[in-house]
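Could you build all of it, start to finish, from the sequences and the hints given here?
Quick mapping for you: the protein sequence lines, in order, are chains A and B. Count along the first sequence starting at 1, add 20, and that's the number in my numbering. Count along the second sequence starting at 1, add 20, and that's the number in my numbering.
Hints were generated in silico from the structure; no laboratory data involved. Any given hint could be a false lead.
Copies of the same chain look alike in the list, so a pair counts if it works inside one copy or between any two.
Below 20 Å or equal to it, Euclidean Cα-Cα: the simulated PhoX-like pairs (lysine-lysine) are [stated by the list, open to error]:
(1) Lys163 to Lys293
(2) Lys515 to Lys438
(3) Lys185 to Lys293
(4) Lys104 to Lys515
These numbers come from a predicted model, not from an experiment.
There are 2 protein chains.
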Amino acid sequence: MSMEDYDFLFKIVLIGNAGVGKTCLVRRFTQGLFPPGQGATIGVDFMIKTVEINGEKVKIDHFGFEQDLTFLQRYLVADQHWRKDNGSILFYTGNEGDITWFCNNTGFMWDVAEELNAMLVFAEHRYYGESLPFGNKSYSDSKHLNYLTSEQALADFAKLIQHLKETIPGAQNAPVIAIGGSYGGMLAAWFRMKYPHMVVGALAASAPIWQFEDLVPCGIFYSIVTNDFKKSGPLCSESILNSWGAINRISSTVEGLKWLSSAFRLCSPLKTKQDVAVLKSWLSDMWVNLAMVNYPYKADFLQPLPAWPVQVVCKFLKNPKLSDKLLLQNVFQAANIYYNYTGAASCLNTSQSATRNLGLTGWYYQACTEMVMPMCTDGVNDMFEPRKWNFQEFSEECFKLWKVRPRPSWIVSVYGGKNIISHSNIVFSNGGLDPWSGGGVTRNITDSLIAIVIPEGAHHLDLRASNPGDPKSVLQARAMEVQYMKQWIEKSRHKL
Amino acid sequence: MSMEDYDFLFKIVLIGNAGVGKTCLVRRFTQGLFPPGQGATIGVDFMIKTVEINGEKVKIDHFGFEQDLTFLQRYLVADQHWRKDNGSILFYTGNEGDITWFCNNTGFMWDVAEELNAMLVFAEHRYYGESLPFGNKSYSDSKHLNYLTSEQALADFAKLIQHLKETIPGAQNAPVIAIGGSYGGMLAAWFRMKYPHMVVGALAASAPIWQFEDLVPCGIFYSIVTNDFKKSGPLCSESILNSWGAINRISSTVEGLKWLSSAFRLCSPLKTKQDVAVLKSWLSDMWVNLAMVNYPYKADFLQPLPAWPVQVVCKFLKNPKLSDKLLLQNVFQAANIYYNYTGAASCLNTSQSATRNLGLTGWYYQACTEMVMPMCTDGVNDMFEPRKWNFQEFSEECFKLWKVRPRPSWIVSVYGGKNIISHSNIVFSNGGLDPWSGGGVTRNITDSLIAIVIPEGAHHLDLRASNPGDPKSVLQARAMEVQYMKQWIEKSRHKL
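In structure tokens:
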């Protein structure tokens, strides 16, 4: 398996959360253990905490008893708008990254806190940020990684909520709502499905819960990416489609490699076929990421970018029929927007990750175990070089990397796939521009499993802080989301 | 901790299934692996099978990826009344014992199969019967026992159902109903809660899902036992209450020990204080078991017994004021009914288990990990010697025995405790005479979480085969259960 394939199979890594939110001032209020009953003091802005529950720390293995090891889970609390007598708790189900980053990029929660008298809690996902079960050995081998699963993460959330309810005055009967985006959105939805006694409802933003097995066509993700480019400029996607052939032709000579390295101002000149594969993968990532963060205003999620960045790059990509060199010079202009919008870089680095805040290694492992999301391209319904989904190859690669085998049908077995009709009180929101919407729930399933589609929205635009550049559709979506949350809260109060 | 305490703490072990059903002819049709797609051939009466799913065997660890070990799970299938075009599947969620025994003691399923066009499937619980993940090493230490949990068992059931649906023609869209009694009833209810995409509903018979933490008073179990004796004969429970003091007084001398050994026709004469503790525990077990299997007709569940066995033994126990020796001679008469109804035993053995078909060792381990059911007695609201619930002591004992620590709050955290309102399509049935009804759901929670109480019923009488001696209340209960099952099936067909 080539490096190129490797990158392709892991393209699923680019599932991150977003929304340039309120600045979360990190106050390292404490990092040690709280004595039982004293873990709930709440600071200004928010507090970083680690949790000890009922005198025990969080179990590393909720589902086995051989080892009784524990670890410190970090979570953030903001209580400026919390009301003891009549408050709610908005609980962010942390995903694959440092929780402070998600906290800073989920402005929606901060914006609605006052209206819902809500305490905000951001729970860090085990194995990410500072919640490392085995410290710096957490990633050392498959033995230490064995407890990095969605089920363990959900159990952490359940135990944390129990702890908050037991220790924060007024929290015992406060309704809790799970909120998350992307993988965090899947966790929010799954948490409501598996622990409905812990949360009265869930907002699952841009959560591709159906991007598994054959629940959706494997090509849907890349075809949505392509559509974004089609809509953002005439002949833009055709230009990108043609660029792969141009790269292949030019890179076939030593001369051409030199030219490419210079045209793309690469920090390390291209030398081998594999370097070229890395370049293509780096460009491919860029197109995907641009579609994901195609926000209507200037933002800095994966990279600092202008408003509607896909339109901006498409301005360079209007003529697919240009000569190979002219076409690729235009592609470079696009890359220079994405990877160097600030203009600070003197050269571009194809090994540079555009997702510096995400825990890539952890997500690779998750993709190699539970989170097997089949992806494919055909160059017809999308603007990428054709590549089939090859599970066997993927499985071999996973085994080489981690000594584990993916279980492609497990997520559907455990979380129900498309058969989720028995659950309730989940809002699935999706952006029409977001490639992940292809694996998302975009039609109402019942009157309490609601789909909200934001046609002008990229990856969980609704979770981002309110912005003057927001399109009307996201304002409407947020208003609906608040309405549903209020309903859930109201109903839960009647049941008490 | 004395042997007596040990027994007391584990009295929870006596949670078994029942119902003298149709005889299940065991045909060892195969024990090997089925090639994928060929695991579904169905034999006469029922077949014993082991399952290989999608070319993989069942994972020993559904929740971790470090080890990719598999094992053979046994299950039984009976398809005499199955209809491919319009059938349903009744899925027995096996509990702590050999599955063939449960199959033979769940006549209700056989009785309703024709009416529901149902295929019957009895799935063996991992670590019991022949479904031993590590063969004869399965119980060797805490490392090998690490995968004996309810969550793993539920995941086994999910994977097995998926396998049946994929391999049996006509099964793909057939509605599945989970059925179980006792711990198996808890599993049936929990399975519907956690995997509602796999089963359209669940019948949880005599399932004490609330016998955890402080959800019910710890004394409720023994007070129900006591009430059964109170109702079954005048001064019966008082006689039993007084018998403990009589034993204590008489056993205080060597002479007395001799007398006791002879009066109870014990195979091994009593010598030490601990032997006396074992005797008391053995008697205490007997009273509990008699209450559990207080069926209205002759039956052979835990032991061969006459109809209404509590009434039968109470005939010997009418006068609590008798001298110690006369009182204990009467207690012996009772013991001779319970432990020697057939009259075949020449002496009685206090180490004899009344639950030969149950996997006691496995259940001990489960009680020491997840299934922590607090029990206590006070000698006032019950007829037993007072004993408080002592978690610390229990935990120490578990650690000594298994090198594991119980997690007393886990079951409530993971399955919701009393907050199960969001779930649907579960019938909880309980017998008024069954001590386990104290931890059961005996009032409707919603219009689809239904409680059925059978006042004259002992431990899951409703799951037993129809019998001329059945009281009207169990006939009504079974009729209601069938009605609900038909509703679930009907509704699921409309959704397709």
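Violations among the numbered hints, reported as their numbers in ascending order: Hints 1, 3 not satisfied by this model.
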